[in-house]
Amino acid sequence: MGLLSPWWLAGLLAVGLPVWLHLLQQHKMDPLRFPSLQFFERRTQSSVKHRRLKYLLLFALRALMLVLLALLFAQPFLRRDMASSGGARHVLFVVDDSFSMRAGDGLERAKRQASSAIDSLSASNSAQVLSLSGGMSVLTQPTKDKAELKAAVAAIRPADGRSAFTEIARAAKTAGETLKVPVEVQFFSDLQQSSMPTSFAELRLPPNTTLVIPTAAPAPTANFAVETVTAPSTVSEPAKARLLATVAGFGTPAADKTVSLVVNGKTLQSKPVKLAAGGRASVEFLGLDASYGWNRGEVRIEGGDSLAADDTFRFAFERADPRKVLFLHEPGRTRGAVYFRAALEAGAENLFALEPMAVNDAANVSPSRYSLVVLSDVASLPAQLEDSLKKYIAAGGGVWIAAGATMASRGTVPLTGAKVIESRYAGRGEERFFTPGGFDLTHPAVAKANKWEGVRFYQAIKVDAAKARVLAKLSDDTPLLTEVRSGEGRILFFASAFDNVANDFPLHPTFVPFVEQSARYLAGIDARSATVQAGSFLELRQAGSKLGAAVDVLNPKGERALDLKASSTAETLRLTDEGYWEVVRQNGQRQLVAVNADRGESNLTPMPAESADLWKRTGEAGTAGDGSTTIEQKPQSFWWYLALLLLLTALAESFVASRYLEPQGAA
Amino acid sequence: MLQRFLDPAVLSSISSLDLVAKTVVDGFIAGLHRSPDFGFSQEFAEYRMYSAGDDLRHVDWNVFARTERMYLKRYRGETNTQLTVLLDSSTSMGYASPGQTRKIDYARFLAASIIYLSVQQRDASGIIVFDDDVRQFVPASARIGQLHRVLHAINLAEPHARTDFAKPFLHFQQFLKRRGMVVVISDFYADPEMVVKSIMPLRGQGSEVVLFHLLDPQEIAPKINAPVVLVDMETHDEMEVTPEYAKGEYREKIDAHIELLKSKAQGAGLDYMLIDTSRPLDAALREYLAVRQGRK
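Heads up: the sequence lines are chains A and B, in that order. My numbering runs 549 ahead of the 1-based position in the first sequence. My numbering runs 14 ahead of the 1-based position in the second sequence.
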């Protein structure tokens, strides 16, 4: 028995109160005056006896109440013995099927060991088979059927996830709490050090858990891997495309290796690379010649080793012509176009081609031919163009409106019809210029803006932004960049111009990512990476978007990854296997996603033997020194019984007190 | 409504004793007018020959018309007697159980009411307040202002010392000049034989004697639920008493005492009445009137 809050026992001092009341006070009976005692006789002895007996019972009840109350607050518990070594236990056969187990015959060896361990399973013990890759997968329910367990082990296939040993403790804890028996974990793994958590405490097994690691960890295995590849997801000028790969050696000696760039199965370039012992090297490839559409790229390291799967790093990219951007301006005012074009062309990927045009000449232009339309300080639009632009936006097009002095003089913003409230000029008086004051960094247009530090705005047009989402504002709270959604399309409103007159923004480096990201956003170019790690989640549709239209996903084997229902309802999909995943979205847009295993799995160095031993001992708190018994005592609170007893005592005290302590003043 | 003013608890809230007496008697008489058993004051008693000095208002002129003789018409209430109240003011009379009137207060109300009543009847009235000695003495008289003298003496009556019947009764006998009524108000914590023996000489002189035995309800039937120490108010002796005794033997003993006193008193020709201080005063007044009328 123990106490969770022993300091509450100080409350036992309160027992002194009834002691004082009963033992010290009981003889201080107030005498009552009576006219004459001539008809009374002294009966002292019997009355005192009687009285003492009654008061002793009351005193005992009151003292008991206080003791119980103090005990209740002290939260006593009993240590309940759990099953001993001779009792039943639950065995978890955990097979590590992470990416690193592909090295040599790692997984097959683990499966063989697990099968033989199942054979030696005691008839009184139940067991489960689990696999550890990216997370813990339960392959069977608790059972004593060895055939079922062995079948589950045999069905384990190499996976591409990354193992985390903290899952072992979690699984053991869950099993122990559910089945209420001691748990034994038999773990079949290569015991990679990279799978250990940063804090060893996270590995700590729950009490009464035995960890068995059947064989000693394998010796370190040298392994080369292509660690990372940085490639553009969209290529419009293949000759200018640049690709950077990092090659790493884990536990390897210094070596000369050849690294190849392969696109759609065709080796485009090969480069020699010199790797120091256990070191890394970078390789740069220039030019990504590929056909239009999505392409499958690989960077390979030649030579081979025990873990061949990480010698190849997959990436996907799309070859596409630059998207046309219509830049409308007032006749003769081309400064904005110059800066805008410069910013677009300075981007990492040459995605856009700018077509400047005076607004007078654009009456018959069809906006649908353009990915994006920019209205640079345009006073008014030809009626025909305005109509076609509205239809363009309603159909999902993007328009970027930059406001300057010309638009301010007109009084309303074209297309949105927002009213110009005022044109704010920074005068020579108190405010020489305005600075940006706040950003909505969740929006892609300004997510990489780096807060536009140092940018000075001399003129800004303040418009009614009641229905708009404010993405950036000036320090005086004037909305600087707002977004309005209309139909399926988007309109970005920039409350200043691109001409380096109303502001000096075009001269700042942050102008480039701002223009590029905003253009991508308005053009609807998906900013998601086309190369991800195994275990990542692919967003199939935005949360809250209309359901119904299906999203088709083909896994690397060419099979549909989603059933019919999931394809029309699922919002995300976990990409578990290495390879190329094809996604056909609701709007028919096709995307290729290259999935690579976590390169943390490439480091095959096992954890030190002493760490493994230490890990095994974390769950054996209840084991005696000689290892003969594993009696675990689990604290079991019995406050409920105490509370019940307290209630009964209180009722008894009330009853006795009401009987014996009636007012004596009746005499 | 008037009956409420006979309630001792109500009377306790009235500070002036003459007002108490007036309230009691007025309420009592108002009750009598509704009663068929008692006549008072207007009841014809006798004719008496006119003698010089008599009030001509009382002449029955009808009889004079028939007989040419002057007769005075007299009523019962106009028959005079002498009333002396003996009020016990011993310490035990100061007792009152919770919620009740003190016995001495009840006795004062009763004495004042009886005297007020007798003054109304033009009886001579007096008072002796005693404990173990005579504390106040106002000889019986029908003079103007007698009521206030008597009430003043009653007002001064406060519990004091122990009861001793022998000495005050001896004293009273010395002053008794003519027959009359003697009302003794006491809790009679004494030997009944000795009490009756002390009072007997008064009866022997031809006086009507009424014993009003005043007891608190708690004295008649004590309610004690736990062992308790009792202190004798007169002797200051302490005694631990059990509820069982109080419920059993004490009740038997006090009942025997009351019965003995009653039988001894009746045996000696004395009127006896046990009065519970929780009851209104009218019962005692009825007893007084009954005795007074019976004497006629």
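The set of hints was computed from the structure by calculation and includes no laboratory data. Check the hints yourself; a few may be wrong.
[Stated by the list, open to error] With a straight-line cut-off of 20 angstroms between C-alpha atoms, the simulated DMTMM-like cross-links for lysine to aspartate or glutamate are: (1) A:K873 / A:E971; (2) B:K261 / A:E590; (3) A:K820 / A:E867; (4) A:K693 / A:E657; (5) B:K276 / B:E258; (6) B:K237 / A:E590; (7) A:K695 / A:D654; (8) A:K1016 / A:D1053; (9) A:K1165 / A:E751; (10) A:K997 / A:D1053; (11) B:K237 / A:D579; (12) B:K267 / A:E590.
Structure-based check of each hint:
1. Proposed proximity of K873 of chain A and E971 of chain A is contradicted: the alpha carbons are some 33 angstroms apart, above 20 angstroms.
2. Distance check on the hinted pair: K261 of chain B and E590 of chain A sit about 13 angstroms apart at the alpha-carbon level, within 20 angstroms; holds.
3. Between the alpha carbons of K820 of chain A and E867 of chain A the distance comes to roughly 24 angstroms, so the proposed pair goes past 20 angstroms and is violated.
4. The hinted pair formed by K693 of chain A and E657 of chain A fails the criterion: a straight-line CA distance of about 23 angstroms is larger than 20 angstroms.
5. A C-alpha spacing of about 27 angstroms is found between K276 of chain B and E258 of chain B, which places the hinted pair above 20 angstroms, so the restraint is violated.
6. Under the criterion of a C-alpha separation no larger than 20 angstroms, the hint pairing K237 of chain B with E590 of chain A is consistent with the structure, at around 16 angstroms.
7. For the given pair, K695 of chain A sits about 24 angstroms from D654 of chain A by alpha-carbon distance, which is inconsistent with the 20 angstroms threshold.
8. Simply put, K1016 of chain A and D1053 of chain A have alpha-carbon atoms about 28 angstroms apart, too far for the 20 angstroms limit, and the pair is violated.
9. Our distance criterion of 20 angstroms between C-alpha atoms is met by K1165 of chain A and E751 of chain A, whose separation comes to about 13 angstroms.
10. Between K997 of chain A and D1053 of chain A the alpha-carbon distance is near 18 angstroms, which keeps this suggested pair within the 20 angstroms criterion.
11. As the CA atoms of K237 of chain B and D579 of chain A are separated by approximately 16 angstroms, the hinted pair is consistent with the 20 angstroms bound.
12. A distance of roughly 11 angstroms separates the Cα atoms of K267 of chain B and E590 of chain A; the hinted pair therefore holds under the 20 angstroms criterion.
In this structure, the hints that do not hold are numbers 1, 3, 4, 5, 7, 8, in rising order.
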